[in-house]
Amino acid sequence: MTLPALFRRSVLAIALGASIATPAMAQERELLNSSYDIARELFSAINPEFEAWWQEEHGEEISVNQSHGGSSAQARAILQGLRADVVTFNQVTDVQVLADAGLVAEDWQQAFENNASPYYSTTAFLVRKDNPKGIESWDDLVKEDVSVVFPNPKTSGNGRYTYLAAWGFADQAFDGDEEQIQDFMRTFLANVSVFDTGGRGATTSFIERGIGDVLISFESEVNNIRSEYGSDDYEVVVPPVSILAEFPVAVVEQNAERNGTSDLARSYLEFLYREDTQRLLAGFNYRVHDETVVEEFADQFPETELFNVEDVFGSWDEAMETHFEGGALLDQLQRR
Amino acid sequence: MNQRASRFAGSTRVLPGFGLSMGISVLFISLVLLLPITGLFGQLAGLSLAEYWAIITEGRVVASYMVTIGAAAVAALVNAVFGLLLAWVLVRYEFPGKRLLDALMDLPFALPTAVAGITLATLYAGSGWMGKLLEPTGFQVAYTWVGIALAMAFTSIPFVVRTVQPVLEDLPAEVDEAAMSLGATDGVAFRRVIMPHLWPALVTGTGLAFVRSLGEFGAIIFIAGNMPYETEITALMIFVKLQEYDYAGASAIASVVLFVSLALLLAINVWQGRFVRRLHGGKG
Chain A
1 MTLPALFRRS VLAIALGASI ATPAMAQERE LLNSSYDIAR ELFSAINPEF
51 EAWWQEEHGE EISVNQSHGG SSAQARAILQ GLRADVVTFN QVTDVQVLAD
101 AGLVAEDWQQ AFENNASPYY STTAFLVRKD NPKGIESWDD LVKEDVSVVF
151 PNPKTSGNGR YTYLAAWGFA DQAFDGDEEQ IQDFMRTFLA NVSVFDTGGR
201 GATTSFIERG IGDVLISFES EVNNIRSEYG SDDYEVVVPP VSILAEFPVA
251 VVEQNAERNG TSDLARSYLE FLYREDTQRL LAGFNYRVHD ETVVEEFADQ
301 FPETELFNVE DVFGSWDEAM ETHFEGGALL DQLQRR
Chain B
1 MNQRASRFAG STRVLPGFGL SMGISVLFIS LVLLLPITGL FGQLAGLSLA
51 EYWAIITEGR VVASYMVTIG AAAVAALVNA VFGLLLAWVL VRYEFPGKRL
101 LDALMDLPFA LPTAVAGITL ATLYAGSGWM GKLLEPTGFQ VAYTWVGIAL
151 AMAFTSIPFV VRTVQPVLED LPAEVDEAAM SLGATDGVAF RRVIMPHLWP
201 ALVTGTGLAF VRSLGEFGAI IFIAGNMPYE TEITALMIFV KLQEYDYAGA
251 SAIASVVLFV SLALLLAINV WQGRFVRRLH GGKG
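Residue numbers (the UniProt record's numbering), protein chains in the order written: chain A, 1 to 336; chain B, 1 to 284.
Derived by calculation from the structure, the hints in this document are not laboratory data.
Since the model is a prediction, treat every value here as computed from it, not as a measurement.
Please note that a few of the clues may not be correct.
No more than 30 Å apart at the CA atoms, straight line, and that leaves these computed lysine-lysine pairs for DSSO-like [said to hold, decoys possible]:
1) B/K132 with A/K143
2) B/K132 with A/K133
3) A/K143 with A/K133
4) B/K132 with A/K129
5) A/K129 with A/K143
Residues of chain B clear of chain A, computed beta-carbon distances all greater than 10 Å [unchecked claim]:
6) F222
7) K241
8) A263
Glycine included, each C-beta is placed from N, C-alpha and C at the ideal position.
Just need the whole structure built from these sequences, with the hints factored in.
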């Protein structure tokens, strides 16, 4: 082949390549939702709904991408430059970290209804068939012959909720008597047989390895586990008193601005509050706020007394400081 | 050019390309090794010496050193014995399936460690195949330090086999035949003739296996049970610090592991140099 021919050919190739590449680059806007580990299936269901809704309302084709991982690991990734437009976490503290770094608005909890938490859950128990140890509430978990499985509060937000729920229960039961609460917590923690690093690991230990009499996790998660692994073999117990677990959402404003998706990001999070989406969320065993949906699903969610982290522990920051930091209460209670 | 020639004047180097290859080596080492380590120490810069000391001597962290070092030592010693045996079998005997066994040896390197950990936990938990057999005898593997050592031994055995194997291959069978024809018994031939050649490789392999075990996370975390003060490994402590956004704390603990590993590898290198010199009747 002569040189000019080669040249012509390559020009052609480049032109061809460009013409193929252009449609893909035709300004189809993308939204990246950074979320917690066990929300993969949930957002796989929500995202197509949102894409269709946006298309209908604005006549624009968009796509929503998901990224999942431990909530804290996700926040760390964003701090280090992952350009997520919105976060949907299971930890208030992980959004707060982003707010402290200036990536999320300081008043993010006021940006959306219900403390920017479109749905919520609580901490509940999964016990083996017929509940042989008769576990109904938190004080059954400190009995000598009960062995408990929940993820490590040091590495898992899910585990932190469990710890705080047990503490909140003891706080109520012992009328705030610090010494009695700590005794209760010490026994409770000593009854733990395995500390997995995350929620799914704890599930594996309980289900596949047959360890423990009770698995403690989010109500949504224990219900999902039960329907996945056989409703005949396991029972869900929702204790009469437990903690309110919020699932906070926020726009990562710095990123959304840079990606030109601010309007999209906001609509996406507002979309989570719409009746249809709330129904979908309730189908995934999350508790929701929409009154029509709440009524429809009334049977599915037993009435319980839920307390706020803020009510019992002051604030998340205080709870982290007095309980979970190195050398703090959790470390002291586990010391042998 | 002149300068270079004069610098190397009198050197016996015959291969060309030293400057270029050395340059690339240094660049590569800098990018792949030194840069991340510098980053690690950069994280440490925010700590005062007192804070650093407080983090690395915290009770729970110290307990994790004990667990990690103890289990890694057991795993390394077990691997030293069985790794040597495996290398011996692979080099000195011919048998069907030898190639397959040889290839299997690298499996722990190829397998994602988390998969290994989950598999081991499944096998050795009370409901697993091995657990069912062992648990009635009162010997619990999963969720104890034995499980940790087992996971470490699994991930690090290739280090011993793969360092000893080539040395054994270079040692012809005639050597032990000669020893025995000169009247040495099996035991003496093995101890006095073969082992001296193998020691450096065996110690290096064992050292590498030990150091590898110190940093292992994925394989161990699923079988350890992670009970505070009992079965928590140091790598988990680092992970915990990261979960708390405490980069400096994580780096501080990581630096301890790094120092121990470096010191051990350096010590092995120095010892090896001396040993080899003595073996070959050098001036040392």
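* Run the C-beta distances from B/A263 to all of chain A and say if the shortest one exceeds 10 Å. => Per Cβ check, B/A263 is outside 10 Å of chain A; nearest 26 Å; holds.
* Asked: Taking 10 Å as the cut and beta carbons as the points, is B/K241 off the interface with chain A?
  -> Its Cβ does come within 10 Å of chain A, the nearest being 8 Å, so this is violated.
* To do: Assess, step by step, whether the Cα of B/K132 is no farther than 30 Å from the Cα of A/K133, and give holds or violated.
  => Given that 30 Å is the threshold and the Cα spacing comes to 23 Å, the pair holds.
* **No chain A beta carbon within 10 Å of B/F222's** => violated (7 Å)
* Asked: Regarding the pair B/K132 and A/K129, is the alpha-carbon distance no greater than 30 Å?
  -> At roughly 22 Å apart (the allowed maximum being 30 Å), A/K129 and B/K132 satisfy the hint.
* Asked: Keeping to a limit of 30 Å between CA atoms, is the pair of A/K129 and A/K143 held or broken?
  -> Within the cut-off at roughly 19 Å; holds.
* 30 Å limit on alpha-carbon distance, applied to hinted pair A/K143 and A/K133 -> OK: A/K143 and A/K133 at ~9 Å, within 30 Å.
* Given the proposed pairing of B/K132 with A/K143, does the C-alpha separation stay at or below 30 Å? -> holds (27 Å)
Checked against the numbered hints listed earlier, the structure breaks hints 6 and 7; every other hint is satisfied.
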